[in-house]
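Given chain A, put chain B with the ligands in place with the hints provided.
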Amino acid sequence: MNTPSSDNIYLPKIAVLDRSVDEIAEVKTFYWHFDDPAEQAAFKKFRPGQFAQVSLFGAGEFPASLPPSPTEEETFFTIRTVGSCTAALHSLEPGDKFGVRGPYGNGFPMEDYYGKNLVFVAGGIGLIPLRSCIIYALAHRDKYEKIQIYYGAKSPKDLMYLQNLREWEEGAGVEFNLTVDRAEATWKGHVGVVGSLFKKPGVRVPVENTVAFVCGPPIMFRFVIKDLQALGFHDGQIVSTMERYMKCGVGKCGHCCIGMAYVCVDGPVFTYEQIKKLGEDI
Amino acid sequence: MKARLVHRDDVLKIVDLLRQKGYEVVAPFFGRGRDTRFDNVTDENRDEIQIHLPNPYHPPKRFVLLQIERLLRIHQREGQIEIEPTYREPKRAIFGIRSCDIAGIWHLDRFFLGREFRDIYYEKRRENLFLVNVVCSDPERDIGAECFCVCSDTGPAARDHFDLQLLDLNDGEFMVVAGSPAGEAMFADPIFRKGTSVHSAKRRAVLESARRSFKPSTTSWFSAAIRHVSAGKVAEQTWEEIGNRCLECGGCSYVCPACTCFTVTDRRVGPDEVERVRIWDACALGGFTRMAGGHNPRKAVHDRRNRRFFRKLSHYFIQRELSIACVGCGRCAAVCHGDVGMPSVVEMIRRSAAEMETHEHAQL
Ligand SMILES: Cc1cc2nc3c(=O)[nH]c(=O)nc-3n(C[C@H](O)[C@H](O)[C@H](O)COP(=O)(O)OP(=O)(O)OC[C@H]3O[C@@H](n4cnc5c(N)ncnc54)[C@H](O)[C@@H]3O)c2cc1C
Ligand code: SF4
Ligand code: SF4
Ligand code: FES
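Going line by line, the protein sequences match chains A and B.
Sequential numbering from 18 applies to the first sequence in the working numbering.
Sequential numbering from 23 applies to the second sequence in the working numbering.
So that you can see chain A by itself, here it is in the shape it has in the complex:
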């Protein structure tokens, strides 16, 4: 019985690690490609906001966002080491093999947002899934109106994707605002929670005809939602990604099911309006 491998929804494909780069403490970015070029080509059709299931054989499998934009050449993950699988990934050397399957989930409907202002609000490693959308939007710059980025990290040494941050700071066509929760006196930038950036002199968040992307830890999420609502955003204008314990990524194991949704297939992207209806905490 030779079943084509694509028919087995649980079957990972072999991936090779090209190199890994330190981002911040415990977080690294892993550049990789599929062993099979045909797999690589098929996978590259992913959408911003989708995720993949990453296999470290012997440790297990875990979901990981896709921080690259499909408009970029390389495929990579940015992963914080927290448990058995993520630690196993962190111990890999260039050339080592592991497994990947996907892409999964709905992703952000970036085409539906053509003609709108995009406001990205990221806290900590919440920048991982949003990086994909930002790069994508900048690659299709003429399709969107204003593009603003608000990024908050704990401290200056918790800032990720430094190369990109520099580009956004200097780049035309994007307003970039950065803050840290606390910093040494040498830090010249803004200090405060990410929502405080909205009140920074010179900042004007467009509300009309705008989509606000919010990703970050649960506390940050709750505060930013309040700030955005105060600015006049309604819940359907705010989009985010939900994180849930996942085992399969394809709507079968039942672990990620909340309210009426399977986060892995109906999400992970939801509007805040939808999240409220799911009836469970972010």
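Where hints are given, some of them may not hold.
[As the list claims (entries may be wrong)] EDC-like cross-link-like pairs, simulated, lysine to aspartate or glutamate; straight-line CA separation at most 16 Å:
| id | chain 1 | residue 1 | chain 2 | residue 2 |
| --- | --- | --- | --- | --- |
| 1 | A | Lys114 | B | Glu258 |
| 2 | A | Lys114 | B | Asp294 |
| 3 | A | Lys30 | B | Glu106 |
| 4 | A | Lys114 | B | Glu111 |
| 5 | A | Lys62 | A | Glu91 |
| 6 | B | Lys146 | A | Asp24 |
| 7 | A | Lys114 | B | Glu100 |
| 8 | A | Lys30 | B | Glu104 |
| 9 | A | Lys163 | A | Glu186 |
[Unchecked claim] So these bits of chain A aren't anywhere near chain B, every CB distance computed over 12 Å:
| id | residue |
| --- | --- |
| 10 | Asp39 |
| 11 | Pro126 |
| 12 | His207 |
| 13 | Arg221 |
Bear in mind the hints are in silico, worked out from the structure with no lab data behind them.
Quick reminder that beta carbons are idealized off the backbone N, C-alpha and C, glycines included.
Same frame as chain A, now just chain B with the ligands:
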């Protein structure tokens, strides 16, 4: 649907026929006391197969969705990784499967095969599965105190999704209905004889009396419970009450013919070899949603119980799966230490919804 008669003494010959055709047949047997079980039929135990008996607690679901099932074998040698999916395609027949469990398998079919992602492991086990349904017609031996298939509309006689269906006419004859071409093909054997309209009338009479032998129970409110859960008309306090009684053993899920959740884990089986297996899991268990770092969005027990009943009873999921995840077998009621099996929960939901109805509190 075509039907035939089989003499009582010939009924087990259906098992023999299936075995001759190359099927591994499982059938129900008595264990000790109330204990009954599905087991492989051999030449030795063939005569001990039971037609009328209480439905085994361990559901026949395990023949299509294994309690522990290997998905992949992974060989790692000198930096190379080879992944080998390990499929099994048994040619199996389940003889004596009850109507509720037929509906359970139908629910699994809808869930594992009916949506965008098809589960190939389930599909391969299901493909060659032959189902011989026995209608529960004996109020003493077949129909248990907890059974409520009449309320969930899944029994006592399954309408479809079987290959053959047997009904004891209580006069030495069984009426056999074919539910599929494979079932009908069996009728070529001479043990299957043509009947008359007298037999059809008898079948209807037996069914009618079987339906009447269910005791009135709390599950008469089953459809009302579906409505209340769907409309969110169950007080938080009621979920808490249900949660307080749940001991988080997971037993209700393990005996349920329509529960589908599983977890996946890797285990080392040799120096260069790892297996990836899936194992039945239960939403009652605390670890079901606990994420790395300890954050658990469903910390309270009642949130988890709420989940089980919402998944099973809400219109939303019934429509999504085009079938219902509670088939009225009553097993969860029989095993639950805290008396929060489906029938009790239906009753608690009914009371809670009544409390919320303003007209219940009308004043003189
Ligand atoms: C859609 C999605 C995208 C994600 N993207 C990223 C990312 O880009 N970078 C990153 O560092 N982390 C991300 N996470 C979180 C990441 O999946 C967990 O940190 C990871 O599963 C922990 O696995 P572990 O084996 O190291 O930990 P363990 O505690 O050993 O976990 C064992 C298993 O439990 C499950 N599990 C545990 N925690 C989580 C969790 N938080 N979410 C989902 N499953 C979990 C997984 O199946 C995991 O293999 C994402 C989670 C989701 C749901
Ligand atoms: S059988 Fe009862 S006690 Fe056990 S998990 Fe289910 S509801 Fe809770
Ligand atoms: S929920 Fe209980 S009564 Fe319903 S099918 Fe499952 S075990 Fe049977
Ligand atoms: S991760 Fe398995 S159902 Fe969503």
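Comparing the hints with the structure gives:
no.: 1; hint: A/Lys114 / B/Glu258; verdict: violated (49 Å)
no.: 2; hint: A/Lys114 / B/Asp294; verdict: holds (14 Å)
no.: 3; hint: A/Lys30 / B/Glu106; verdict: holds (11 Å)
no.: 4; hint: A/Lys114 / B/Glu111; verdict: violated (31 Å)
no.: 5; hint: A/Lys62 / A/Glu91; verdict: holds (13 Å)
no.: 6; hint: B/Lys146 / A/Asp24; verdict: holds (12 Å)
no.: 7; hint: A/Lys114 / B/Glu100; verdict: holds (11 Å)
no.: 8; hint: A/Lys30 / B/Glu104; verdict: holds (10 Å)
no.: 9; hint: A/Lys163 / A/Glu186; verdict: holds (15 Å)
no.: 10; hint: Asp39; verdict: holds (20 Å)
no.: 11; hint: Pro126; verdict: holds (18 Å)
no.: 12; hint: His207; verdict: holds (28 Å)
no.: 13; hint: Arg221; verdict: holds (35 Å)
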